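Q: Using our numbering, the letters of the sequence shown map in sequence onto residues 1 to 359.
Everything labelled a hint here was simulated from the structure, so no lab data went into it.
What you are looking at is a predicted structure, and each value in this text was computed from that prediction instead of being measured.
Even glycine gets a Cβ: it sits at the ideal position worked out from N, Cα and C.
The following label-pair restraints were derived from C-beta to C-beta distances: (1) 126 - 22: 16 to 24 Å; (2) 249 - 108: 39 to 47 Å; (3) 241 - 108: 42 to 50 Å; (4) 185 - 53: 27 to 35 Å; (5) 133 - 220: 21 to 29 Å; (6) 241 - 219: 14 to 22 Å.
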Amino acid sequence: TTNSDDDTTRENFVKYVLASSGADGIVRLWSGTTTTAESDKLKWQSAGKLDHSSLEKNGVDVVGTSKEDDSPQVYALQFVRSEAAAPNMDILLTSANDCIYLWNIVDDLIPQSPGDASKCQMSFLPYLSVRFTHLDDGSDTNQFGGERNPNNELYIFDASYCESNDLMGVALSDGTCRVVSLANSGNESFVQEQCVLSLPPGYFPGRMGHLTALSWDKSGTRLATCIASGRVILWLLQVVDRGGAQGLHPSCVSILQGGHDAGRPLFGAKYCGGENQELLMTWGVDGKVCVWDSYSVGEVLNPLCTLVSHSNYPIYALDVTDGGTSSKAQASDTRKCCIALGGGSDGGFLGVPAYIYDV
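Given only the sequences and the hints, what does the whole structure look like? Please build it.
A: Below, the structure is given as C-alpha cells:
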C-alpha cells in the first residue's frame, strides 16, 4: 500500500507487510518501508504477533493437543483479498491443528513519518474460523494415523485460498482435501463446504497417506494435491447446474507418480509456464524439483524433466516468477522465469549449505 500525507515537507513512502510462522505456533507480522529517496532500501521491523496456543473459545483451548507441552504448528499462512466475503479488508489466513482462522489485519497507529518506526504496529482482529472434523462415512478406510499420530487426530497440513473463485482448499491428515467457499450475507460472513476431494479407499496399494500440500491454478478451475506417498493428483473443478442450483463438480484427471522417490513426502506444487500455466513444478523431501505437463490426463509415470536432484538437501519451499525480465533488469537478460527454492537438513558446525542453480 502507498501512504502519503498532505504535508508537502514529508516524503511519500511505501509500506510492505510480511507474515512468518513456524512450529512454535506464533505468527509474526513485519513491516518494511522504503522512501522515494531510497527506493532500493527496505527497513524492516516487527509489527505484530499472534500466539495460537493462547487462543480460547468459551474457555476451552480450541487448538490444544493431547500433549500439554506441544504448541500448535502453523502450516498454512496466506494473505487473502476477498471482495465477496471480506470487502475492503486485509485478511490473513492461518491454521493450527484442525482449525482455519481468518484475521482482519489493521494498523493500530499510522506512522507520522517514514522514519517513525515505533508506531508501525498491527492488530489481529478475529474475523472467521472453521474447525474440520473426520468424515462421518461409517468407515475408517480414509484415516491415516500411523506411528506419528496414534490417536488418529485430524490436522491441517496446508490451506490455500483462490481469488478467482473465492474457494479455499484445505489439505488434511485423513487424506482428503476439503473445498469450502467464502461468502457474505449482509453483515455476516460464513464458510460453506462445496466438495471433498479424495480417491476411493484402496485405490493405491497399502495406505495412501495424508495430504501434504495443495495448489490452485490462477483460473481457479484446476487444483493439484500432494500426497505423503510421493504422488500428485490433478483435479478439475467445474460449476454445474443441479436442478436449478449451481454446484461444484470435481473430477480427477491425472495421477503423477514416478518422478519423486516412492514413499517420501512431497512438500508442494506450483502451476507455472506462461499465460495458460502449462507446467507444474513439484518438490519434496527427496531433494528433487520435477516439472510436469499440468494438462496431463491419466496416470503419468515420469515428469518432463527433473530440474534439481540433491538427495541430502530436502526442499521445503519453492516459488516461480514468470513474465520475463523486470524493469530494472538489463535488456540483454533473456531469462523467461526465475525460480527460488529453500530447504536443507539440520546444519552442523558449518551451518546449512545454500545452493544456487542456473535452470
